[in-house]
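Participant: Quick mapping for you: the protein sequence lines, in order, are chains A and B. Quick note, this note's numbering runs 281 ahead of the 1-based positions in the first sequence. Quick note, this note's numbering runs 814 ahead of the 1-based positions in the second sequence.
The hints are simulated quantities; they were obtained by calculation from the structure and are not laboratory data. Computed from a predicted model, the values in this text were never measured in an experiment. Take the hints with a grain of salt, since some may be wrong.
[What the hints assert, rightly or not] Here are some of the chain B residues that sit facing chain A, going by a computed Cβ distance under 8 Å:
1. S852
2. N855
3. D873
4. D895
5. Q920
6. A934
Think of the CB as a built atom: it goes at the ideal place given N, C-alpha and C, for glycine as much as any other residue.
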Amino acid sequence: MRLLVLALLLGGQPWRAVAQVPAAGPGCALSLAGRISDQRTGEPLPGAVLRLAETSAAEAADPDGHYHFHQLCAGQYHLHVSFVGYAEQVLVVDVRGALNKDIKLRADAKQLGEVRVEGARQTVPLISQSQTTLSGPALQQTRGLNLAESLKGITGVYSIQTGPTISKPVIHGLYGNRVLILNNGVRQEGQQWALDHAPEIDPFTATRLTVIKGAASIRYGADAIGGVVLVEPAALPDTAGVSGEVNLVGMTNGRLGAGSAFGQGAIPADTARGGGRGLGLLHGLSYRVQGTLRRGGTARSANYYIQNTGLQEQNYSLALGYHRGIVNTELFFSRFDTKIGIFSGSEVGSVTDLLAAIDRDRPLTADQFTYAIKRPYQAVVHQLFKAKATVALPADSRVEATFARQTDARSEYGDQLPFNPALGDVPDLFLSLTTHTLDVAYLTSAARPWSVTTGVSGMTQANIREYQFLIPNFRNYGAGAYVLGKHRGERLTLEGGLRYDYRWLRAFFTDVTTGKITQPTTIYQAVTGTLGGLLDLGHGLSLATNLATAWRPPTVNELYSAGVHQSAASYEIGDPTLTKEQAYNTSASLLYSGQKLEGEVGGYVNYIHNYLYLQPALRYIRTVRGAYPVFDYTQANALFKGLDARVSYRPVARLTFTSAASLLWAYNYTAADYLIYAPPNRWQNSVRLNLGRAESAGRLRQSYVGFSNVFVARQSRPPASGDYAPAPAAYDLWGAEAGTILRAGRQVFDLSLTVSNLFNREYRDYLNRFRYYTADVGQNIQLRLRVPF
Amino acid sequence: MFSTLRITPKARFFAGATLLATLGLASCNKDEEVVSPSVANEAITTMTLTVTNAASATDTQTATWEQLLDATGNPVSTGPDYSKANLTLKANTTYNVAVGLLDKLQTPTFDVGAEIKERANIHSFFFQPLPTTQALVIPAPTGADTYPLPIPTPAPTGNPLNLTVMRTDRDTNTTPLPVGLTDTFVTGAASTGYLRVVLRHQPNVKDGTYAPGSTDFDAGFKVAIQ
């Protein structure tokens, strides 16, 4: 008999992966559970793999043959059930409530001995940390938004904005370099030197967006102090034929239009999946081609246009997979290309201009719509090439090697052309970052009680700058090694790990006093660890606790920046003597999944030793444009603690109430002050009504309507110094949504309508850095159409 | 059973290929060691006022205010050079004034003033004699901002500087608005004080007032009317 690599590669995780299941979201609180057994003998089939095609969520049956999917949205799902030696089954299930579905599999002699490598997907390595995945319908409702905006609805997750077009994800109050983004399994290495540098990722490439909350350096290396965002595409197809999907999004605010499509196919090596034998070496090949266009014009607040906030984005990605014998290889290339207008009213010279802008009710800029993007704007091109090989080894173990090359070119255009026409239309700032990474990991079978993941990673990175000085040129080398172990018991899963990281950084810049090129070198190293467990308390209750450390070396801007940051109206000075930042994070969450009630309550404490931040120096530097307040990069001991809670209640099958609260408290002990941009407390409520009865097959079968409300409190704990304006008032926004699935023959049209800021309320958000200059965006009606084929 | 012999060469091949690819792409590229100079594309370092007595073309003088930048594009630590930013005008006289702007960081020195003339529709100069009894066109510095040296902060009070400034040139906006590259200074009785000159950049929002847009250049001159 041959090797059983199936369960391992598909799930990568054992049974009861409570926290990994799909999508939170309004109304998405349903569950699907049952038992898988042999049709003839009735014996349970532990390790049988279940996959929901719509969400890509995968589960393996537990030792008793039980399986559970939680947090599902109402709708029709295709459940693929497979187990080596058994014929694969595809069941169509209508999830309307807590559905119990027992499945019997029929032994298939033909299948015995076949080795199949199902799409090896990136999986969450730790189950004891709080995490939420957006996929399927919940992800569909965010299509057309940028990455940070897509994640904003998750409890404990926020976004820090620079006007309507630029957002960065915030996890438990931490953002920027403290949130690591894994794009298709590769650490995203972009230009992350400021709050107006958004992640260079097209969310349309993903079918799953997962947020891991809390320190998670252990698997991904330095920087994951606040958490990790996983952007995961669907596995490449392994059955014959061509399929794909077209997504169209239209939004009234900014008259934004987005279109994204992909096509995919495979020439299976496996005759059972429709493959022939006639194409020789081509068998085992699979591919996907994907592209996105996004165009938006001037965004509008409740009462006026926010001038020059258009965007133009064109992205594409290509994936090629080849599976032969025990080797699965994957090539991936993606290009992200964006041009983002920056609100022209934010171009202030001095602090005098800034304070004058704060005093105004509305900006002095023109109140008109245009798709044209003028200075100031940013243009960013990010390219990723990835090659990955997975080799199946005896005893269900495997080796994965991933090589990636990323280039990130960022051009920032100031508010006017260079005065000298001979210079042409050049940017004020140009940065080009090239990163090569290599990761090799060895994973033992996850189907056994003991499983181990161990690996090494290496990185080299170079940055080149031109025009203005923001950060120096630099070369960065990194290396790391880790081991993660997991023991799965009857009720308790325990996991722990250790990691060592080394970072070498050399900067190259002209010394102001000597006029010569200086090249200071800094070296940082750290050991991090994690320990956690997931306990099944029975009766639908489970408890997850985790203790983790994470670290982050100072970045070049924190070490060497010196100069005016125009969009922040600040003068920032780096400190070459800064040391590494170290986080000690503990979290616990209680999960409950019952017939009518479902929810999660989690608390966390994240103590950060030598937290790097910009401290107001309380002095000013005067340039010819006026005075700028000076901020020094410095270190302090900071504490972030908070509570995330989410509860879904379903009094009757068609009605779901969801309530979620995100509370956070952030304090700087060294300066005895609160931290700036700590997200204010937030309370989200929603109700959703499914229009069709579960058992009926009428037209409204998969239609729903819903209302939501989000309340964001005033940040009552702003820092005593460092902010130019007091925290804005609390606000609450209403939203409405409706959706249906239309059918024309076999063709499905998934249509939904969402209205955000329903009553066009004027408000300013504490985490929007342009709150000094303009109100936040007003009403936005969004229409989405998904056409799978 | 599983055959290890079949895997090992493949595994070795892939690991080897990946490693080679890393080394091949990552090495022998040392572009970061070549440091590009810091260039501020929109820099203005120097303002000159060329003041000519309207009644006597030979009665002319220039005053210069200058702020140079260091290798990282920041103001040199010695601060602005205002040693030549002095005007001595005759009482009750009319002067024709030309404002010049230079970027001395470029080689050769670039005449920014000529370019501002090209972009007159989105730029505007504002002049503020200090002390003054007039309503302030240019708002006094707020926050911890200061007047440009040599003007003290807060601005002196007392006897006003008897100087009236009129901008004589016009842009080509639909309603032509003053620019300020050429001006007329009319002096009154003898007095001393300062003159603040601010260039505002007002793309799409120029309306003749000071508030819209942002400051490109802010300079101060010492003025004696005798």
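Participant: Now look at each hint and say whether the structure bears it out.
Facilitator: Now for the hints, and whether the structure bears them out:
Interface restraint check for S852 of chain B: the shortest CB-CB distance to chain A comes to about 4 Å, inside 8 Å, so the restraint holds. Annotation: interface hint on N855 of chain B holds; nearest CB of chain A at approximately 4 Å, less than 8 Å. Look at D873 of chain B: its Cβ only gets to about 30 Å from chain A, farther than 8 Å, so that hint breaks. Checking D895 of chain B against chain A by beta carbon gives a least distance of about 12 Å; that is not within 8 Å, so the hint is violated.
About 6 Å separates the beta-carbon of Q920 of chain B from the nearest beta-carbon of chain A, less than 8 Å, and the hint is met. The interface hint given for A934 of chain B is broken, as the beta carbon of that residue sits about 13 Å from the closest beta carbon of chain A, more than 8 Å.
Of the numbered hints listed earlier, those contradicted by the structure are 3, 4, 6.
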